[in-house]
Amino acid sequence: MTRGTPPMDALRNRNNTSRLSRMIERLVTQRVCLDHAAELVRDLPGPALEIGLGKGRTYDHLRRVMPEREVFAFDRELHALPGCQPDEAHLVIGELRQTLPEALDRIGGRVALIHADIGSDDRAVDVALARFLAETLPALVRPGGVVLGDRVMPRADWVPIPLPEGVGDWPYFMYQVLQS
Amino acid sequence: MSRLDSAIRRLEAQRLCLNEAARLIDGIPGPAIEIGLGNGRSYDHLRQILPGREIFVFDRRVAAHPDCIPDSDHMILGDVRDTLDDAAARIGAPAVLAHLDVGSGRAGADTALADFIGTALTPLLAAGAIVVADQAVSAPGWRTLELPDSVPPGRYFMYKVEA
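Residue numbers (the numbering used here), protein chains in the order written: chain A, 1 to 180; chain B, 181 to 343.
Hint data in this document are derived by calculation from the structure and do not stem from the laboratory. Only a predicted model underlies this, so the values are computations on that prediction, with no experimental measurement involved. Among the clues, some could well be false.
What the hints assert, rightly or not - DEER-style ranges, computed between Cβ atoms: (1) B:Gly258 - A:Arg123: 28 to 38 Å; (2) A:Val127 - B:Pro333: 42 to 52 Å; (3) A:Gly109 - B:Arg240: 46 to 56 Å; (4) B:Arg241 - A:Asp157: 43 to 53 Å; (5) A:Leu178 - B:Ala316: 49 to 59 Å; (6) A:Pro138 - B:Arg261: 51 to 61 Å; (7) B:Arg241 - A:Leu178: 49 to 59 Å; (8) B:Ala269 - A:Glu39: 56 to 66 Å; (9) A:Ala139 - B:Asp290: 43 to 53 Å.
To be verified - From the derived model, a few chain B residues whose C-beta atoms are all more than 10 Å from chain A: (10) Glu192; (11) Ile235; (12) Gln315.
Don't be surprised by glycine CBs; every beta carbon is placed ideally from N, CA and C.
This is chain A alone, in the form it adopts within the complex (with noise of 0.2 Å):
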């Protein structure tokens, strides 16, 4: 998936902001966020899914800030860097729309986290694939888990969380699933 493009909305105040820059936002956002994350389910059991895989720095992130947790990467091709390829056993690569209902019968109800990073620089693809994960996570997620991304992916039963202190100047989203 391509990347670095957020929202048109919220690239409005932008214009003075080097790509440079606005990565250096991006992936401070990301590691806040992810950190913020993995603390918030730190008591939850079940495996963490990282959806677009990229060139695998968040998957890496993950990895490293739950050592104790399975970490199953998505993504439509492999192009991550060498050293943040998931093993075979936890990379799923193809279609999103195909790859993550299968999923369901090997991980369905208990995951513990998912970061869904995206975006891309086709809008309407992105309010597309966010309204598929926004259907398709919650029979993958467990209840009190985490779910972010750069995308909105809003559902009543999905509990909007504040962004934690120090993230960057860039778009984020945190939802934490309601208990039942």
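Mind docking chain B on chain A? Use the hints.
Just chain B, lined up with the frame of chain A:
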């Protein structure tokens, strides 16, 4: 440290050093040189902190984001081992700032390339020019500069070309 952590450290160091270099050449006329366009992030930053200054970019190929590609007058395509040699006429004046962003992660190859570039680049630079690099570069007449506060030694590199 995760790859996310190391990417943040590298990009923050890069930005701090580029900003410091721009400050050091403020008011001194002359173009800038970027070797290694990559995805165009640091080029985009340079053109923002060096408004009105010409920036000439060298790379083997263009793989940058479409809005971070120099016009054809300022994009010098090819292997820098070939293109640096006769670039002086094209650039037109001694450059006062150069940024080398050439690291591939292969230590031996990167060091050899950086040192080659250092030597080949020197004739294109003005006395007093500032060089910012992602690798240590040894080139005749280059003096190592202290890095801006909060950039630890060895994370990025800055040099001043002696008169």
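Please list, smallest to largest, the hint numbers that this structure does not respect. Failing hint: just 10.
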